[in-house]
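**Student:** Under numbering that gives the first Met the number 0, the first residue of the sequence shown is numbered 0, with each subsequent residue one higher.
Please keep in mind that the hints were generated in silico from the structure rather than gathered at the bench.
Misleading hints may appear alongside valid ones.
Said to hold, decoys possible - Pairwise CB distance ranges, derived in the manner of DEER restraints:
#, residue 1, residue 2, range
1, Asn46, Ile11, 30 to 38 Å
2, Asn14, Ser34, 37 to 45 Å
3, Gln9, Phe31, 29 to 37 Å
4, Asn46, Tyr15, 41 to 49 Å
5, Asn14, Asn42, 38 to 46 Å
6, Thr4, Ser34, 42 to 50 Å
7, Ile11, Glu41, 28 to 36 Å
8, Lys6, Arg43, 33 to 41 Å
9, Leu39, Tyr15, 53 to 61 Å
10, Asn21, Asn42, 39 to 47 Å
11, Ala26, Ser5, 27 to 35 Å
12, Asn46, Ala8, 31 to 39 Å
13, Ala22, Asn47, 54 to 62 Å
14, Asn21, Arg43, 44 to 52 Å
What you are looking at is a predicted structure, and each value in this text was computed from that prediction instead of being measured.
Just so it is clear, CB atoms sit at the ideal spot from N, CA and C, and this is done for glycine as well.
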Amino acid sequence: MNNNTSKEAQQIHTNYNKEQMNAIAKAMIVSFAWSWADLLQENRYKNNNTIGKTAS
0 MNNNTSKEAQ
10 QIHTNYNKEQ
20 MNAIAKAMIV
30 SFAWSWADLL
40 QENRYKNNNT
50 IGKTAS
C-alpha cells in the first residue's frame, strides 16, 4: 500500500510539472508573438513616415 501511494504521488508530481511547462511555454509564445507584432507595427510606422517624407 505504501508503495502505491508513493507511485501516485510521483504521478501527480509529474503531471504538475507537465502542466507547469505547458503554461510556461504558452506564456513564452504569447510574449514572443506580442514582441513580434510590436516590431512589425514599428517597422510599418517607420516605413510610412519615410514614404510620407519622400512624397512631400
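**Student:** All hints, please: hold or fail.
**Tutor:** Now for the hints, and whether the structure bears them out:
At roughly 52 Å, the beta-carbon separation of Asn46 and Ile11 lies outside the given 30 to 38 Å, and the hint is violated. Take Asn14 and Ser34: their Cβ atoms lie about 31 Å apart, and the range 37 to 45 Å is violated. The given range of 29 to 37 Å is respected by Gln9 and Phe31, whose C-beta atoms sit roughly 33 Å from each other. For Asn46 and Tyr15, the Cβ-Cβ distance of about 47 Å falls inside the hinted range of 41 to 49 Å, so the restraint holds.
Remark: the range hint 38 to 46 Å for Asn14 to Asn42 is upheld by a beta-carbon distance near 42 Å. Between Thr4 and Ser34 the beta carbon distance is about 45 Å. The supplied range of 42 to 50 Å therefore holds. For the pair Ile11 and Glu41, the beta carbons lie near 45 Å from each other, so the given range of 28 to 36 Å is not met. Distance hint check for Lys6 and Arg43: the Cβ-Cβ separation is about 55 Å, which falls outside the suggested range of 33 to 41 Å.
A hinted range of 53 to 61 Å is violated for the C-beta pair Leu39 and Tyr15, which are about 36 Å apart. A hinted range of 39 to 47 Å for the beta carbons of Asn21 and Asn42 is inconsistent with their spacing of about 32 Å. As the Cβ distance of Ala26 to Ser5 is approximately 32 Å, the hint placing it in 27 to 35 Å holds. Between Asn46 and Ala8 the C-beta distance comes to about 57 Å, which lies outside the given range of 31 to 39 Å.
About 38 Å separates the C-beta atoms of Ala22 and Asn47, a value inconsistent with the hinted range of 54 to 62 Å. The hinted range of 44 to 52 Å is not satisfied by Asn21 and Arg43, whose Cβ atoms lie roughly 33 Å apart.
In this structure, the earlier hints numbered 1, 2, 7, 8, 9, 10, 12, 13 and 14 are contradicted, and the remaining ones agree with it.
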